[in-house]
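When you get a sec, could you build the whole thing from the sequences and use the hints?
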Amino acid sequence: GPYDISWGRYETCKGPKANNVTVYQTKLFKENDIYYAWINFTFLTQARLDELKINVYVVKNNNTTLLLNYKVNNLCQHYAISLMIEKELNAKNCIVQQGDFRSLVNFTDVAYKFFGKSFFYGEYILKITVMSKKGNILCITLNQIFEKKKNP
17 GPYDISWGRY ETCKGPKANN VTVYQTKLFK ENDIYYAWIN FTFLTQARLD
67 ELKINVYVVK NNNTTLLLNY KVNNLCQHYA ISLMIEKELN AKNCIVQQGD
117 FRSLVNFTDV AYKFFGKSFF YGEYILKITV MSKKGNILCI TLNQIFEKKK
167 NP
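Residue 17 is where the sequence shown starts when you use this note's numbering, and the numbers rise one by one after that.
Among the hints, erroneous ones may be present.
Claimed, not checked - Below 25 Å or equal to it, Euclidean Cα-Cα: the simulated SDA-like pairs (lysine to any residue) are:
1) K133 to I50
2) K108 to N56
3) K69 to I55
4) K164 to T81
5) K30 to F59
6) K133 to T157
7) K143 to I55
8) K30 to Y40
9) K149 to I70
10) K164 to K108
11) K149 to Q41
Claimed, not checked - Restraint-style ranges between C-beta atoms, simulated for each label pair:
12) D20 to K149: 33 to 41 Å
13) K33 to N167: 37 to 45 Å
14) G132 to N48: 17 to 25 Å
15) K164 to K108: 37 to 45 Å
16) V39 to S134: 35 to 43 Å
17) N48 to Q93: 30 to 38 Å
18) S134 to T61: 38 to 46 Å
19) K133 to S98: 19 to 27 Å
20) E139 to H94: 22 to 30 Å
21) K166 to L120: 23 to 31 Å
22) N71 to N122: 16 to 24 Å
23) L120 to V72: 22 to 30 Å
24) N106 to K150: 38 to 46 Å
25) K108 to E27: 27 to 35 Å
Worth flagging that the hints you see were computed from the coordinates, not collected in a lab. This structure is a prediction, so every number in the text was calculated from the model and none was measured. Yeah, the Cβ is synthetic: ideal placement off N, Cα and C, and Gly gets one too.
Below, the structure written as C-alpha cells:
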C-alpha cells in the first residue's frame, strides 16, 4: 500500500570484482522528512557504467531472506536513474571521465520513482553495486523501512 520510507544502516561495502575504478565517500542524512546522500567520487580512470545489481532482502524476526535480485545492464536507458547518471557524473553514453565528482542524491525521490507509490510494508536490506568491465564503481548496503503512510 501507500508508504512512508525511512533508512537505517547506510554503509559502503566491497564490490564483487577484484579491482576498484573509484574511490568514494558517502553519507546519508535527513532534512525536513527527506533523505539525501552525499557521494564524493574520484574516478581513477575513465569507466563505463555497465551494470547495476540490487539484492533485496526481507528482515523478519532478526532473520534475513533474499527476496529478489534486480539487475540492469544498460543503466543509461533505465527510467529511474539515467538522468541522474548524466547530470551527476557528466556521463555521455554511460561513460564517466577520470576525475572528481560530488553528488547530492534525493534518496526519497529516487525510492518513489523506483518502487512506485505503493509497496509492501516492512524492513528490507538492499545491497547496491555498480560496476564497469574494468572494476567496481560503487557498493552500498542500506536498510529501508516501509511503513503505512501516515498522511495519504
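Hints versus structure:
no.: 1; hint: K133 to I50; result: 16 Å, holds
no.: 2; hint: K108 to N56; result: 19 Å, holds
no.: 3; hint: K69 to I55; result: 18 Å, holds
no.: 4; hint: K164 to T81; result: 22 Å, holds
no.: 5; hint: K30 to F59; result: 16 Å, holds
no.: 6; hint: K133 to T157; result: 23 Å, holds
no.: 7; hint: K143 to I55; result: 16 Å, holds
no.: 8; hint: K30 to Y40; result: 12 Å, holds
no.: 9; hint: K149 to I70; result: 17 Å, holds
no.: 10; hint: K164 to K108; result: 39 Å, violated
no.: 11; hint: K149 to Q41; result: 22 Å, holds
no.: 12; hint: D20 to K149: 33 to 41 Å; result: 39 Å, holds
no.: 13; hint: K33 to N167: 37 to 45 Å; result: 43 Å, holds
no.: 14; hint: G132 to N48: 17 to 25 Å; result: 23 Å, holds
no.: 15; hint: K164 to K108: 37 to 45 Å; result: 42 Å, holds
no.: 16; hint: V39 to S134: 35 to 43 Å; result: 38 Å, holds
no.: 17; hint: N48 to Q93: 30 to 38 Å; result: 33 Å, holds
no.: 18; hint: S134 to T61: 38 to 46 Å; result: 41 Å, holds
no.: 19; hint: K133 to S98: 19 to 27 Å; result: 21 Å, holds
no.: 20; hint: E139 to H94: 22 to 30 Å; result: 25 Å, holds
no.: 21; hint: K166 to L120: 23 to 31 Å; result: 26 Å, holds
no.: 22; hint: N71 to N122: 16 to 24 Å; result: 23 Å, holds
no.: 23; hint: L120 to V72: 22 to 30 Å; result: 24 Å, holds
no.: 24; hint: N106 to K150: 38 to 46 Å; result: 18 Å, violated
no.: 25; hint: K108 to E27: 27 to 35 Å; result: 31 Å, holds
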